[in-house]
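> Given these sequences and hints, build the entire structure.
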Amino acid sequence: MEFGAAISAALGLMMSLDPGFLGIVSLAVRVTLSAVLLAAVIGLPLGAMIALARFPGRTFVIILINALMGLPPVVAGLGLFLLLSRTGPLGPLGWLFTPAAMIAAQTVLVLPIVVALTRQVVEDLWLEYREHLTSMGLTGFRAIPTLLWDGRFSLATALLAGFGRASAEVGAVLIVGGNIAGYTRTMTTAIALETSKGDLPLALGLGMVLLVLTLAINAVAYGASRIGARFAG
Amino acid sequence: MAMRDTASILPLSVEGLGYAVAGKTLLEDITFTLPRGGLTAVLGANGSGKSLLLRLCHGLITPTRGSLHWALEEGRRAGRQRHAMVFQRPIMLRRSARANLDHPLAALGLDRAARQARIAEALERFGLENLAEQPARLLSGGEQQRLALARAWTLTPEVIFLDEPCSQLDPGATRQIEAMLSEFDRDGMTLMMATHDLAQARRLARNVLFLNGGRLIEEASAETFFNKPRTDEARAFLTGNLLW
Amino acid sequence: MLTRRSLLTAGLLLTLAGPGLAQTPERFIVVSSTTSTQDSGLFGHLLPLFKAKTGIEVRVVSQGTGQALDTGRRGDADVVFVHARAQEEKFVGEGFGVERKPVMYNDFVLIGPKSDPAGIRGSKDIATALKAIQEKQAAFVSRGDRSGTHSAELGLWKLAGIEIEKTKGTWYREIGQGMGAALNTAGAMSAYVLADRGTWLSFRNRGDLEITVEGDRRLFNQYGVMLVNPAKHPHVKQADGQAFVDWLVSTEGQKAISEYKIGGEQLFFPNAAQPGA
Chain G
1 MEFGAAISAA LGLMMSLDPG FLGIVSLAVR VTLSAVLLAA VIGLPLGAMI ALARFPGRTF
61 VIILINALMG LPPVVAGLGL FLLLSRTGPL GPLGWLFTPA AMIAAQTVLV LPIVVALTRQ
121 VVEDLWLEYR EHLTSMGLTG FRAIPTLLWD GRFSLATALL AGFGRASAEV GAVLIVGGNI
181 AGYTRTMTTA IALETSKGDL PLALGLGMVL LVLTLAINAV AYGASRIGAR FAG
Chain Y
234 MAMRDTASIL PLSVEGLGYA VAGKTLLEDI TFTLPRGGLT AVLGANGSGK SLLLRLCHGL
294 ITPTRGSLHW ALEEGRRAGR QRHAMVFQRP IMLRRSARAN LDHPLAALGL DRAARQARIA
354 EALERFGLEN LAEQPARLLS GGEQQRLALA RAWTLTPEVI FLDEPCSQLD PGATRQIEAM
414 LSEFDRDGMT LMMATHDLAQ ARRLARNVLF LNGGRLIEEA SAETFFNKPR TDEARAFLTG
474 NLLW
Chain E
478 MLTRRSLLTA GLLLTLAGPG LAQTPERFIV VSSTTSTQDS GLFGHLLPLF KAKTGIEVRV
538 VSQGTGQALD TGRRGDADVV FVHARAQEEK FVGEGFGVER KPVMYNDFVL IGPKSDPAGI
598 RGSKDIATAL KAIQEKQAAF VSRGDRSGTH SAELGLWKLA GIEIEKTKGT WYREIGQGMG
658 AALNTAGAMS AYVLADRGTW LSFRNRGDLE ITVEGDRRLF NQYGVMLVNP AKHPHVKQAD
718 GQAFVDWLVS TEGQKAISEY KIGGEQLFFP NAAQPGA
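Residue numbers (this note's numbering), protein chains in the order written: chain G, 1 to 233; chain Y, 234 to 477; chain E, 478 to 754.
None of these hints come from the bench; they were simulated from the model.
Beta carbons are placed, not taken as given, at the ideal position from N, Cα and C, and that holds for glycine.
Be careful, since some hints might not be right.
[Unchecked claim] Only some residues are given here: those of chain G computed to face chain E with a beta carbon under 8 Å:
no., residue
1, G178
2, D199
3, L200
This is the structure we're talking about:
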């Protein structure tokens, strides 16, 4: 019975095109995509550098990053909250309770996934390509663009994993975003709020919309990578 | 293809070259000169150090002893387009055949128009026009090796090092590759090729370096080596006897 | 080719992140408030009225009262709007708030399962009711989150002559969460729970729960509002924050509060003019 009500709530939400609801969806999508993009811009080169560089403590760094993939969102949120609070070191930015803080929080969560998986992908590719690239004079960090490009399909999967973590996350964005109606309320925090208000069908309905969105983005990414793979081998 | 008029990086003088790893000596006291022009076949049994010698000459690996001396300083490092290398198993990037040709040229900083002209020429010369847009890794072994040769050729190197380029290919594909190598030779390119195929060496080689157990046993013209080998090891190798 | 790709990436980044980051309107204030004012829908009613009049957007972060006051202490909000008088006065006394103004009240109700294991339904005496719950060891859900409701609950146990810290057993369940979560939990466990009437009225997942005790004068729940002290936190938006405080206690704001109803029932009763509230 609850599920029936949830499905009709989900359909009702998607059909209604209610501006409040659309605002929540668009904020959720923008925050998450921005976080994934930021994590990609930072994490892809960083992961590749760790893959290729040899430095003391490298093993420790790799273990640390792998471990950070499991960082509890609430902990990330709390850490960032203390940094961004007016009494914290980054307080003057005035980012607390804004979408910028939410993007930062999700970036912190996604980054270890991107860095760790990129390192693995690039390291494996480098083993395969090393002699050819060295022969072309592309040694050290100059090999990175080639390796990232040729690892693009595996790396897209890494980014999707990051997207999944960010879009499903509620603890961190709730703490640093404040779940302000119409400003920092996203899908997951709205679900948490409706649950606490006891409107379980609406909460579940929102959850279904989130699921549909995630499904759509994954389908698009999968389709794109299949088409791409057909042309690149 | 016109050869460069500029000063040659050849001859390459190799003196007392050695390579050891983890206390194990793999190559010892190799001294020879790679002259300009022709194909020098590096012969020897598996594990004699042929591939390693090519990699040391091309600069993929740094020797632990001795020295390599190119006639020009420019020859010293790989990736300067003066010498290139083709591997036993072609290393194909996860891109189309065309993009595989484009990649090293772009890395050298050639502009788009120059790259496109060179690629078009390579595709035609190596019979790859119909395969240009195919993913390189889905090509057959012979097609991949042709593409690898084309990729080396586009760099207009003076020297190409070839590490058993035909060992994984069927006779038809081997014939195609050999025809291309002969053409390279006619164009005045210098080739240094490891092979364990004596018939192939007889067909193509002008000079021979014969290795055994990490040592250079004979350096001779192909004619001398095949007709009047000086050492017992070479004679045994040529008659197909085991050497130990 | 590389530069083209990085340009593309940068462009994408800007289109995506840009609006999210730059979506800052000219004027806004941050108000830290309680879950009860938010969950009951009062802010959804008041804030558009205030914005229409002043052009100031109010961003509400709703937390438990204790947490909301801490948010003010750290300077992460401009205005604090909560319901725990003693804590509010301490906040002002420490110099974190400028001046506490009473705004409105509602009342607490004791919610319980229809089976009523403590036998207290219809009682108008909260102290006797709590004693009965403790004696029968009937399940009771406590917010346990330093919220206004939590501190009111602790005060009521004391009033009933029960030292809850010493006598609590497995029947007394502290969940450390908001009002809605506490009601959900009570519903699932057939437990009693103290709730503010506003949240109860707007709560949808009632299931087997109903009001068991109401109408006791001691269940009175006063809300106060105060500007965070700009002397402590210079970035506080003094003028706009004060405008919100002043509007809440103005005739217009008080009227708006009294007009907010759910199912014809008034949720909050303005009393800014009442001395000593």
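> Indicate, hint by hint, whether the structure satisfies it.
Hints, verified against the model:
{"no.": "1", "hint": "G178", "result": "holds (4 Å)"}
{"no.": "2", "hint": "D199", "result": "holds (4 Å)"}
{"no.": "3", "hint": "L200", "result": "holds (5 Å)"}
In terms of the numbered hints stated before, the structure departs from none.
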